[in-house]
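**Student:** Please work from the sequences and hints to get the whole structure.
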Amino acid sequence: MNKCKVPVPVDDGDGDHRWISIHNRFLSETREKDADVIFIGDSIVQALQHTDTWNELFAPLHCLNFGIHRDRIENVLWRIENGELDNVKPKVIVLHVGTNNHTNTPEEIKDGIVEILHVIREKHPDVYIVVPTLLPRGQYPNPVREKIQRANELLKSNVDGLPKVELVPIDKGFVQPDGTISHHDMHDYLLLTNAGSRKAFEPVHELLLQLLSEGEPEKDLTPSE
Amino acid sequence: MDKLHQVSHKPESRCALQDMVSGHDRYVQQAKTSESEVLFIGDSIVQQLQFSTLWTEKISALHCINFGIGGDRVENVLWRIRNGELDFNTKIKAVVLFVGTNNTDCTPHEIFEGLIEIIKEIKHRLGDIHIVLPTLLPRGQHPNPYRERNDHVNTFLLDKFCNEVNADEVTKNVHLVVIDEHIVGNDQTISHHIMHDYLHLTNSGYTKIFGKVYDKLCELLKVTPMK
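Protein chains in written order, with the working numbering: chain A, 1387 to 1611; chain B, 402 to 628.
Source of the hints: derived by calculation from the structure; they are not laboratory data.
Treat the hints with care, since some could be wrong.
Unchecked claim - Facing chain B, a subset of chain A residues (Cβ under 7 Å, in silico):
#, residue
1, 1400
2, 1401
3, 1402
4, 1404
5, 1407
6, 1408
7, 1544
8, 1546
9, 1575
Claimed, not checked - Rough simulated footprint, nothing fancy, chain A against chain B, three-plus residues with beta-carbon under 8 Å:
#, region
10, 538 to 550
11, 589 to 601
Note that beta-carbon positions come from the ideal geometry of N, C-alpha and C, so glycine has one too.
**Tutor:** Written as structure tokens, this is what we have:
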């Protein structure tokens, strides 16, 4: 059984229940805010929100950020099935999760992401879904990088071509010719710096501009006061 | 349980081992050629501090270097300082030590003893330098056992370092800075405006909370604080 396809919340046990607090806050945001774009996913998505790249490129597009550090595919699936995409009518949903599922096989990762796509599609028949490819990690070549690369290949053959789903390659340009990743791009060889996030997410930004203006050529995308 | 101060741990068990060890290797190299005067060492709250306005506009002017690693526990920091991260070629004037919140499976006393062990190791390697020790921060949106644990550690720290009766070789030149006040609201909740995920600080959170650490450093280094 592929655990990536079974929705599971993060259980803080005797802890501080931060995960459910954050989930509840996201639920409030869906009721209080009008978003054109919702980013949902893991550590990469959450960390993105604290970069200049987010402030400059994505905040002006009325985006919500529902990233949670350490989330696995099955956690994001649970959050979507428990309200985080209800009460909202975004034009685009950006889905990015998978790096924390490095204990799963590439096939399981791909199947889990496809499962999320089905659930999103049921809730939002007309929304555009943007799926940035998974990023390499670790300073030196390592087995997790290979697994991620294989998962990206599977995503390409399974996700590309689904209606209103766009796979955006963002993983090139991080592994240098000597096989290393620079801490100028990923300060801990996992999470993006300002420079790294600009490099990875600029293609996503350009796609969003296109998708948001499609069918609405008059839309004013300048930041509101 | 002696798991903390007897055995320093290289983080074998962390999922992306490669990621963390690479950070350590880089820090060891940086120490050898660094001209910094102040070292910040600890966990993710230290690591993320370097991306804050407080750091870029004020702290960095004190010639600081940041050896924070996300997820680090007390014993991981102990391992790092025993394995090269304090081997600076220039004379360090102050170390800011901030770690402990990730030791969620330890008792407050174990965490306290682990911090004492780190302080002893720093003194052993760097002599009579200043050690700045901020109190541990509360966490979680609502009252919870992790908050109580960190608070309890702080009680031990205050008793040891702010009580003249307990002054000894370990407490000498160690400056406890109370930073955990005015974070929990009257309704006992923590706002996401201070800690965006109820653990890590927002930019304004850093200014408000770590600003006190900056002020203490200025006092110790005899530097006029920037406005």
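**Student:** All hints, please: hold or fail.
**Tutor:** Going down the list of hints, with the structure as the test:
A distance limit of 7 Å between C-beta atoms decides the matter here; for residue 1400 of chain A the minimum to chain B is near 5 Å, and the interface restraint holds. Against a cut-off of 7 Å between C-beta atoms, the interface hint on residue 1401 of chain A holds, since the closest Cβ of chain B lies about 6 Å away. Look at residue 1402 of chain A: its Cβ gets to within about 3 Å of chain B, closer than 7 Å, so that hint holds up. For residue 1404 of chain A, the interface hint holds, since its Cβ comes within 7 Å of a Cβ in chain B; the closest pair sits about 5 Å apart.
Annotation: interface hint on residue 1407 of chain A holds; nearest CB of chain B at approximately 4 Å, less than 7 Å. Residue-level restraint check for residue 1408 of chain A holds (minimum Cβ-Cβ distance to chain B is 6 Å; threshold 7 Å). The criterion of a C-beta within 7 Å of any C-beta in chain B is not met by residue 1544 of chain A, whose closest approach is roughly 26 Å, and the hint is violated. The interface hint given for residue 1546 of chain A is broken, as the beta carbon of that residue sits about 28 Å from the closest beta carbon of chain B, more than 7 Å.
Taken as an interface hint, residue 1575 of chain A checks out: its beta carbon lies about 5 Å from the nearest beta carbon of chain B, inside 7 Å. Counting residues of the region 538 to 550 of chain B whose CB lies closer than 8 Å to any CB of chain A gives 8, so the stated coverage by that chain holds, three being the minimum. Closer than 8 Å: that is the beta-carbon criterion, and the region 589 to 601 of chain B has 5 residues meeting it against chain A, so the requirement of 3 holds.
The structure is inconsistent with the numbered hints 7 and 8, although it conforms to all the rest.
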